[in-house]
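There are 2 protein chains.
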Amino acid sequence: MAKSERKTPPPDKTSGRYALSGLDRTIHEKARLGILTSLITRPDGLLFNDLKDLCALTDGNLNRHLKVLEDAGLVEIWKGFKNNRPQTLVRITPLGRTKFAEYLAVLQAVVAEAARGQKAVATTNSSAVFPHWGLAPG
Amino acid sequence: MAKSERKTPPPDKTSGRYALSGLDRTIHEKARLGILTSLITRPDGLLFNDLKDLCALTDGNLNRHLKVLEDAGLVEIWKGFKNNRPQTLVRITPLGRTKFAEYLAVLQAVVAEAARGQKAVATTNSSAVFPHWGLAPG
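Protein chains in written order, with this note's numbering: chain A, 267 to 404; chain V, 267 to 404.
By construction, these hints were calculated from the structure, which means they are not laboratory data. Hints may contain errors.
Any copy, or any two copies together, can satisfy a pair, since identical chains are not distinguished.
[What the hints assert, rightly or not] With a Cα cut of at most 25 Å, we get these calculated SDA-like pairs of lysine to any residue:
(1) 333 to 289
(2) 318 to 295
(3) 318 to 337
(4) 296 to 282
(5) 345 to 372
(6) 348 to 289
(7) 385 to 347
(8) 318 to 292
(9) 348 to 287
(10) 296 to 352
(11) 345 to 290
(12) 385 to 313
(13) 348 to 371
(14) 348 to 376
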């Protein structure tokens, strides 16, 4: 039964435990996370140029990310005029608010787990820990 | 001076405030975040197959992400034998530990800010807030 001896799972091993499946990629992408974080506090929305500036994005990049967020129903985009100038207003939708809250809950759990991991290891002298089998650099 | 009237910056506006520039993309990518979170608690490393299972990744995907992390100096990869079978061991490096700690600090700040934003808005009736200028769906 060589096959069954092949793996010695660590005691706390759970299949897929670190798949972070709740971490919605639409929101997790760094630029989009910044966009949603800036919109979450502003129920009346942000002008395209202000959002661009807050997130330090180019026109093209902001447009691309807004398209992804709009297609997912997380933001809505309005065309209008202010002081007789065409303007674009971006707002988070109620669905966006819900999804962002869910995402944040998962992220908080990941951060808490990683922080616990760091602390647990901080007390260990990691150089003393080494597998008991022959190793060669990969 | 039409140009200077063009934008009315929100009171708390700071250029690039939501650029999240401290959020290292090498670590932030969802699969790599899972890989590092699983390695952070295990100073003696994880076998490739166990890591694959924990992160619910295919061989190809795990290899690709490990290459990125190894190139950045965040993980080290060892080839060896266990029970006469070739095995691959993956460990987080001291640099990986430092960078991951830095990343987590930034992430915690982002989560805290977004959570504050959510709470602040929860008391507002957002349907009552609407810009005072003509809008048409985009």
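Going down the list of hints, with the structure as the test:
For the identical chains of this complex, residue 333 and residue 289 are neighbours both inside a copy (20 Å) and across copies (22 Å), given an alpha-carbon limit of 25 Å. In the homo-oligomer, the alpha carbons of residue 318 and residue 295 lie at most 25 Å apart both inside one protomer (16 Å) and across protomers (22 Å), since each shortest distance falls under that limit. In this assembly of identical chains, the alpha carbons of residue 318 and residue 337 lie at most 25 Å apart only when taken from the same copy (19 Å versus 32 Å across copies). In this assembly of identical chains, residue 296 and residue 282 lie within 25 Å of each other by CA distance both inside one copy and across copies; the values are 23 Å within and 13 Å between.
Taking the closest pair of Cα atoms, residue 345 and residue 372 never come within 25 Å of each other, the shortest separation being 34 Å inside a single copy and 34 Å across copies. In this homomeric assembly, residue 348 and residue 289 never come within 25 Å of each other (Cα to Cα): the closest approach is 37 Å inside a single copy and 34 Å across copies. In this homomeric assembly, residue 385 and residue 347 never come within 25 Å of each other (Cα to Cα): the closest approach is 53 Å inside a single copy and 31 Å across copies. When the C-alpha separation of residue 318 and residue 292 is checked against a cutoff of 25 Å, the pair qualifies both within a copy, at 18 Å, and between copies, at 23 Å.
When the C-alpha separation of residue 348 and residue 287 is checked against a cutoff of 25 Å, the pair qualifies neither within a copy, at 42 Å, nor between copies, at 31 Å. Proximity of residue 296 to residue 352 under the C-alpha cut-off of 25 Å is found in neither arrangement, the shortest distances being 29 Å within a copy and 38 Å between copies. Within a single copy, residue 345 and residue 290 get their C-alpha atoms no closer than 28 Å, and across copies no closer than 34 Å, so neither meets the 25 Å cut-off. In this assembly of identical chains, residue 385 and residue 313 lie within 25 Å of each other by CA distance solely across copies; the values are 22 Å between and 42 Å within a copy.
Taking identical chains as interchangeable, the C-alpha atoms of residue 348 and residue 371 are never at most 25 Å apart, the minima being 37 Å within one chain and 39 Å between chains. Within a single copy, residue 348 and residue 376 get their C-alpha atoms no closer than 42 Å, and across copies no closer than 31 Å, so neither meets the 25 Å cut-off.
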